[in-house]
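Colleague: So the protein lines, in turn, are chains S and U.
Counting with this note's numbering, you get residues 1 to 298 for the letters of the first sequence.
Counting with this note's numbering, you get residues 299 to 642 for the letters of the second sequence.
None of these hints come from the bench; they were simulated from the model.
Don't take each hint at face value.
[Unchecked claim] Computed list of lysine-lysine pairs in BS3-like fashion (alpha-carbon distance at most 27 angstroms, straight line): (1) K41/S x K368/U; (2) K604/U x K34/S; (3) K58/S x K527/U; (4) K563/U x K38/S; (5) K368/U x K619/U; (6) K19/S x K483/U; (7) K516/U x K477/U; (8) K124/S x K134/S; (9) K491/U x K474/U; (10) K577/U x K56/S; (11) K38/S x K56/S; (12) K563/U x K483/U; (13) K56/S x K542/U; (14) K34/S x K563/U; (15) K38/S x K577/U; (16) K211/S x K146/S; (17) K527/U x K34/S; (18) K38/S x K542/U.
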Amino acid sequence: MSDDLIDINVTIDMIPSIKEKTIIDFVNIISVNKDIIKTRKDRDFLLNTFATLTGKNKREINLMFDNINTQFEAVNEYFNYFENILIQSLSALNIITDHLIETRSGIMQLQDSFYEKISNMEKKINYIRDNLEKQIKHIDLKLKAKNEIDAEFNKLKLGYFNDFTVIERIKIILENLYFGDTGNLFQNNNDEKYIEELSINIKAKIMGYLKENMPDSQILKTKDIFNFNNKKDESKIIIENLFNYELPFAKAVYSVNKKGFNDSILDNIPGLYNFYNIDILTKKIFDEFICRRKYFYE
Amino acid sequence: MSLFVGENISMNKIGLVLSGGGAKGAYEVGVIKYLAERNFRIDAISGASIGSLNGAVIASSENLNIATEKLLNIWTSVWQNQPIGFDKLDIKDKSIINTILLLINYFGYSTLFNNFLILKNIIDLNDDNGFFSNNTERQYIKNNIDFNKLISGIPFYVSVYESEGKLIDILKYISKTNKPSNYLKIQDYNDEKDIINILLASSSIPYIFKAINLQGKKYYDGGLGDSYKIWGNTPIIPLIDNEKCDTIIVIHLSDGSLWDRNAFKTTNIVEIRPQSTIKRNGFLDIVSFNENEINSWIKQGYNDAKIIIEKITKQFVNTNKISSEFIKLNSKLNELQNDNFNIK
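Just chain U, with the same shape it has in the complex (with noise of 0.2 angstroms):
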């Protein structure tokens, strides 16, 4: 009770549960801006996706305020490097057809050739090949992720598909029959390399992102898996069941997820939702890595958290009086049945 009543020094075990959603990522970093602004305390992380990256920037770092400090910095000077340079190829406003035509130009394949190459890598089952170098994000995972400190921080979980090939894994996705996630615990990792690895597995999108092999398995993206409940993509499982966390906050990155609360009775669950649209450009908000969309991402998560948490914090703050007065009068009640006043 004390967590949402400025107190930050409580007996809950509290969770941070980073969703999936590429670009939109930067609404959560608006949500952890107002987490450290509230002095609020997290005891354990899970992310799937651009989650996992942010709860990597945050598992290794001392507090919530520095934190913030860097995923702001990072989130800030994104556009600057587009990590997948959709910048260049403005798909926006064109057809598939000529979408995917500018992809291939964009890689500078001979046209027929790599046409048939690309279908080729559509249908193969035992191609893990991406469109996307994902060198852009291994460079950002080195400079701005401390190794040592992500391995001596507090609990970190990310959320990993094992693929069974990216066609399979992308069917079973949309027909919502895919098996779970698996939560990979970072700190059970000592080399830095398997980290990176793991990190950029989870926000390896089949075809758009090459797999990554791990230990002799190929793992995609976590939010693939347990498509239909969404847990894979809002990994709450390992908190709940290895860390034991009583409370935890879950930030979802779309608009009306059907990621279900009800399943967890007994554990505390603040859901930081968008309370107004969180899209921008439809499909393509997940690689809308530019100034604009970013900033009013982080202003909406923001904004949504102050509001939805000043709300909690307003009932346990009336609650809180209630018992408090209460107590109090229970008291004197108490005092005047133990005196021993004689008024005669």
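With the rest of the complex left out, here is chain S (with noise of 0.2 angstroms):
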């Protein structure tokens, strides 16, 4: 038996036992002596001298004290039996109870040890269960967000926009996604590559219009990019602040609104967009659109 289980060293031997003579005489004598001491109250002097002349008052008190002995014996053997049961009973008890007593302590050890396991499960089960109400809600997110997405460059491509110059356009879906449920989701969600991918999803999307709805002639060739980086004018200067990473998109469209473009100076550069500037002009107007996400938290 190992130290972790309960060890109970005594056992009972035997069984104590008894003669039914023991409980026979035991009891039934008293009713002889009774017999007898009645017999002899009852007799009067002559009958008691004439019994001690016969003898029979010596034999009947003979008589008394050998049951009275023999009760004694059965008595004694009766105690004997009695003082066994009652030994083995109280170390059996003792032993139970030692028994009862390590029992207790066990179990109010394990009961500790229970309710502090189910504490700990109470908090992981709050922990899955934000954790889940989190990815509930980001799943949810995700979902307006997409829906967003969709549903502002729909508004886009069903010229709900038109009355803007194409840049204003795609600025006006930033800003709309930006307030909206897209917005919330960037500022929310850890899940950085879903972000980078819906990120790179919004990039292709405002990439493809520009693209579509772009003049021509304000397509920068390749040789024209050359030209383009040596002219030394306002516009450039503009371009290069739009390019900034330190300027917020819209105070750039705002700044170069104050000096006197009609029109967002974008659409007024000739030559600014062919496919591998639209893709920087998508980057900057997008790092613009997270910047400003990040100022505006911060």
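If you follow the hints, you should be able to join the two separate chains into one complex; please do so.
Modeller: Here it is, written out as structure tokens:
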């Protein structure tokens, strides 16, 4: 038996027994002696004298003593039996009590351990529940953001913003997305991979729209790039500012507008956009969007 | 042990000893009635005198309930036909001389001649006559005992005393120097006449009844034998020596009997003794076959048996409970010792 197991060393070897005769003698002799005593008491003087003369009195006394002795022997045996029962029962009860105390202590330990585990489990469940709630919320938000993105670009395709320049249309969409569910998603979602994929998706949509809607005359040819880069005019400065990471996009547009351009500077820079440029532009616009988001929340 | 806690099927072989005591035999009927109510089973019987007559009824009955019914029928009608006719003599308040004269009158002897005959009867060692006829008793036996059932029934011993002459028998009885009684097993005899004679012999008090001749020997009341130990009148010996009974119920018919249970060290002996006096008319109790006394003895026997056996039963029940609870405790402790309960 290992130390971990409850060890009961005391065993009861045999069950105490008692003879039937002991019990019968123990009880029946009381009635026998009662009969003899009653008979002796009932004798008057003459009968008593006669009983003494005949030796009956003596025999009765001897018989009573013999009976009493037999009864004492029976009582003694009965007490021995009873003592054995009592001693062994008390031993057994002590062992069982020890066992119960040990069991109780063990159960209390189990109870403490159980409560601790329950508490931990509760924490884990709460954590999982919070996570699940967050995930559900994000899934919901992702769905809303996706729908919102689709809706905004549909509006764009359907010409909702045709009163504005192409860049301004993009700006409006991005503004809408920024203040809508998409912005909320960008703000709260820690899934960078998903955000990145979403960003790429938005960028692709912007890029596609720019490519489709920018006039050919405004597409910067490869050969013009060099020329453009060599120009030192206000437009270039503005464009550089536009590309400057430090300036929010809206400020850039505003500052251009303030300087007297009727339309967006971007629309009025001939040959600025080619495929490569559009890609850069999209990136810059979108980075501005991210920047602004960060700026807004910080 | 189960005998006293209401289980009829027990391993014990149970014997019943019915002492002699004339009309006080009604006390035994009360005891038997209680034993029957408690469903006691009797495996062997021995009796002396009136005890042998009661015993014959019990031994020839299928069980104690039937025996009780028969005994009550016999005993509650016995006063209507007095076995020895003392109802007409009423000697209770008479002097001894008057009593003798009344006895002489009763038998119709002429005064002087028969006084001589009585004296002769008393002192004649070879005379075995008695004052009374046992015809009534003989008729009772014939009417109430089924001899076939008796022969095929449980072992039944009758205590009789082989006479050496009635005066010598009486003198030896008084001086407590007589020899032991003979314990005749009824089942050893097939002849109805022999069985009747044995039963009559067992209750033939010298001088009152004639000695009974059985196979060339004369027998008197078994109560005469071993009078110092009272083993003749309370014949337990054949149940121990021959039947090997381990539990024996002994019914006494006298106050303060000097019968000594301590002589039997290995046998369970339950003595049913009168817890209040059994005396009603003193010396004449043995012939007091009248309604009041018989009914009161039956009632007394029933009550005494109830008191004595209930006390024993109670002790057995309590002891059984102690043993039973202890065994349960022991069993549970063993379970605890043998399990593989791991607390950790």
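Colleague: State for each hint whether it applies.
Modeller: Here is how each hint holds up against the structure:
no., hint, verdict
1, K41/S x K368/U, "violated (37 angstroms)"
2, K604/U x K34/S, "holds (16 angstroms)"
3, K58/S x K527/U, "holds (14 angstroms)"
4, K563/U x K38/S, "holds (26 angstroms)"
5, K368/U x K619/U, "violated (37 angstroms)"
6, K19/S x K483/U, "violated (30 angstroms)"
7, K516/U x K477/U, "holds (15 angstroms)"
8, K124/S x K134/S, "holds (15 angstroms)"
9, K491/U x K474/U, "violated (32 angstroms)"
10, K577/U x K56/S, "holds (18 angstroms)"
11, K38/S x K56/S, "holds (14 angstroms)"
12, K563/U x K483/U, "holds (24 angstroms)"
13, K56/S x K542/U, "violated (31 angstroms)"
14, K34/S x K563/U, "holds (21 angstroms)"
15, K38/S x K577/U, "holds (12 angstroms)"
16, K211/S x K146/S, "holds (22 angstroms)"
17, K527/U x K34/S, "holds (20 angstroms)"
18, K38/S x K542/U, "violated (33 angstroms)"
Consistency with the previously given hints fails for numbers 1, 5, 6, 9, 13 and 18, ordered from lowest to highest.
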